[in-house]
Amino acid sequence: MNRWLAFVPLVVLVALAALFIGWSLKRDPAIKPDALVGQAVPETLLPILTGSIAGPGMVDLKTAGVGRPMLINVFASWCAPCRVEHPKLMALKAEGVAVVGVAWKDDPVKTRAFLDELGDPFAMVLVDREGRAGLDLGITGAPETFAVDAMGKVVAKWSGPLIDDAEIDRLVAAMQAPPRPLPTVVRP
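Be aware that the sequence shown starts at 1, since it is given in the working numbering, and climbs by one per residue.
Please keep in mind that the hints were generated in silico from the structure rather than gathered at the bench.
Please note: incorrect hints may appear among the correct ones.
[Said to hold, decoys possible] Below, a list of computed lysine-lysine pairs in the BS3-like style, where the Cα atoms sit at most 25 Å apart:
id	residue 1	residue 2
1	K153	K93
2	K88	K62
3	K62	K93
4	K88	K153
5	K110	K93
6	K88	K110
7	K62	K105
8	K88	K105
9	K62	K153
10	K93	K105
All chains should be built: construct the whole structure from the sequences, respecting the hints.
Have a look at this one:
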């Protein structure tokens, strides 16, 4: 009887492995958590890309839109999918959509060369050389795009390159905040 008890841990281990395999087969790896949707953009102070250097000016990512709706696009010069989405970002700029770029874990000289080569679709480029904003935003890699309303709240997110027109339309529509109601006057 004691010999059979020695097999109990092995049986439990096999059962746990089967559960894990079953869970991973049902899980869709394309679905990523959007923890920031519905939350305010995190306060993250970053230098502005000036020419090919970071700074001297600094801007808080939360206030980069200056009270206007914006898209925050996390990109890098070394990122191949960022090159793929770049024409769509240029089209958004031509339509008047404010896009703030965050150069994630990138050398400012290489960022400037990337923008000089492909065009600059950004209202401003912030340099996130150490990846701090990436951590604050909860990104999993570049590119990722966040739709932010005029109140500074993240209202939608897309992970991966922006190449689908329907997805771009969804992000742009989401960042347009509904009109705020007028304050009501209470008379005693």
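Fill in: 25 Å Cα cutoff - pair K88, K110
holds, 21 Å
Worksheet item: Within 25 Å, alpha carbon to alpha carbon, are K88 and K105?
Response: holds, 22 Å
Worksheet item: Taken at face value, is the distance from the CA of K105 to the CA of K62 at most 25 Å?
Response: Cα-Cα ~19 Å, so holds.
Fill in: Proposed proximity, K105 with K93 (alpha carbon, max 25 Å)
holds, 24 Å
Worksheet item: Is the straight-line distance between the alpha-carbon of K110 and that of K93 25 Å or less?
Response: holds, 22 Å
Discussion item. Run the distance test for K62 versus K153: straight-line Cα separation, threshold 25 Å.
Written reply: holds, 9 Å
Worksheet item: Has the given pair, K88 with K62, been kept, meaning a C-alpha gap of at most 25 Å?
Response: holds, 24 Å
Worksheet entry | 25 Å Cα cutoff - pair K153, K93 | Cα-Cα ~21 Å, so holds.
Worksheet item: Taken at face value, is the distance from the CA of K93 to the CA of K62 at most 25 Å?
Response: holds, 20 Å
Practice prompt. Take the C-alpha atoms of K88 and K153, compute the straight-line distance between them, and say whether it is at most 25 Å.
Written response: Roughly 23 Å between the alpha carbons, so the hint for K88 and K153 holds.
Consistency note: the structure conflicts with none of the earlier hints.
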